[in-house]
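Engineer: Note that the protein sequences, when read in sequence, are chains A and B.
Numbering of the first sequence is given in the numbering used here, commencing with residue 1 and proceeding in unit increments.
Numbering of the second sequence is given in the numbering used here, commencing with residue 1 and proceeding in unit increments.
Mixed in with the good hints there might be a few duds.
To be verified - Using 20 Å as the maximum straight-line C-alpha spacing, the simulated DMTMM-like pairs for lysine to aspartate or glutamate come out as follows:
{"#": "1", "chain 1": "A", "residue 1": "Lys63", "chain 2": "A", "residue 2": "Asp39"}
{"#": "2", "chain 1": "A", "residue 1": "Lys106", "chain 2": "A", "residue 2": "Asp2"}
{"#": "3", "chain 1": "A", "residue 1": "Lys68", "chain 2": "A", "residue 2": "Asp39"}
{"#": "4", "chain 1": "A", "residue 1": "Lys59", "chain 2": "A", "residue 2": "Glu45"}
{"#": "5", "chain 1": "B", "residue 1": "Lys57", "chain 2": "A", "residue 2": "Glu1"}
{"#": "6", "chain 1": "A", "residue 1": "Lys69", "chain 2": "A", "residue 2": "Glu55"}
{"#": "7", "chain 1": "A", "residue 1": "Lys79", "chain 2": "A", "residue 2": "Asp2"}
{"#": "8", "chain 1": "A", "residue 1": "Lys63", "chain 2": "A", "residue 2": "Asp82"}
{"#": "9", "chain 1": "A", "residue 1": "Lys42", "chain 2": "B", "residue 2": "Glu107"}
{"#": "10", "chain 1": "A", "residue 1": "Lys106", "chain 2": "B", "residue 2": "Glu107"}
{"#": "11", "chain 1": "A", "residue 1": "Lys59", "chain 2": "A", "residue 2": "Glu17"}
{"#": "12", "chain 1": "B", "residue 1": "Lys57", "chain 2": "A", "residue 2": "Glu15"}
Just so you know, the hints here were simulated from the structure itself, not pulled from any lab data.
The structure presented is a predicted model; accordingly, all values stated were derived computationally and were not measured.
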Amino acid sequence: EDQVTQSPEALRLQEGESSSLNCSYTVSGLRGLFWYRQDPGKGPEFLFTLYSAGEEKEKERLKATLTKKESFLHITAPKPEDSATYLCAVQPLPGGGGADGLTFGKGTHLIIQP
Amino acid sequence: KAGVTQTPRYLIKTRGQQVTLSCSPISGHRSVSWYQQTPGQGLQFLFEYFSETQRNKGNFPGRFSGRQFSNSRSEMNVSTLELGDSALYLCASRPRTGTGNTIYFGEGSWLTVV
């Protein structure tokens, strides 16, 4: 069974204080690892897709990296508007016996204080 | 380009009733999937439809069902509602099933069962 564990569950940072969010996963075969941002009362907003170990992607203050067992979302010099819940999800390769849908972690609730 | 559109946004139902939620995918996307989000379980995959056929299914009881129309629009139905069905129901779309394409989410339908 595919599993995704995110840590920490919650993180409070000062504006400008860089940090990293962790996503550990177990999957029979990885088709893709996805990062989403979710604001209260809204649907998840797509950030990144990573497909293979060693891959990195950047967008503004965010950088996502991938290894064979985990992914990190690095936040550099965050601003209050970066406050949100960050969700990690994995999609398995076909033929693994499970559904083709995304398996999500519980998320990291990030608060950036001015 | 319009995003994934879900209706209604909010609804309240009584135990034992049934509910139908609607989803219009991003133009050109033919795969529609549904997820349930609760504080305790997080985001969980319900099912995915492509070309009017259910392609994948998560671990939910048969009370949860769906369908897809020829224009790719989708509906999901929950019969004999239980208090535990109170959740945010999210619809997501991607160009086709069976790939690592990015999955885009709508804003969700908030269902409260009383």
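Engineer: Indicate, hint by hint, whether the structure satisfies it.
Structural biologist: Results of checking the hints against the structure:
1. Lys63(A) with Asp39(A): It holds: about 19 Å lies between the C-alpha atoms, which stays within 20 Å.
2. Lys106(A) with Asp2(A): Distance of about 14 Å is within 20 Å: holds.
3. Lys68(A) with Asp39(A): Answer violated: Lys68(A) to Asp39(A) is near 29 Å, above 20 Å.
4. Lys59(A) with Glu45(A): Roughly 13 Å between the alpha carbons, so the hint for Lys59(A) and Glu45(A) holds.
5. Lys57(B) with Glu1(A): Within the cut-off at roughly 14 Å; holds.
6. Lys69(A) with Glu55(A): holds, 13 Å
7. Lys79(A) with Asp2(A): Roughly 33 Å between the alpha carbons, so the hint for Lys79(A) and Asp2(A) is violated.
8. Lys63(A) with Asp82(A): holds, 13 Å
9. Lys42(A) with Glu107(B): Answer holds: Lys42(A) to Glu107(B) is near 5 Å, not above 20 Å.
10. Lys106(A) with Glu107(B): Holds. Lys106(A) to Glu107(B) sits at ~18 Å (cutoff 20 Å).
11. Lys59(A) with Glu17(A): Status holds; Cα separation ~17 Å.
12. Lys57(B) with Glu15(A): Between Lys57(B) and Glu15(A) the Cα gap is close to 42 Å, so the pair fails against 20 Å, i.e. violated.
Against the hints set out earlier in the document, violations occur for numbers 3, 7, 12.
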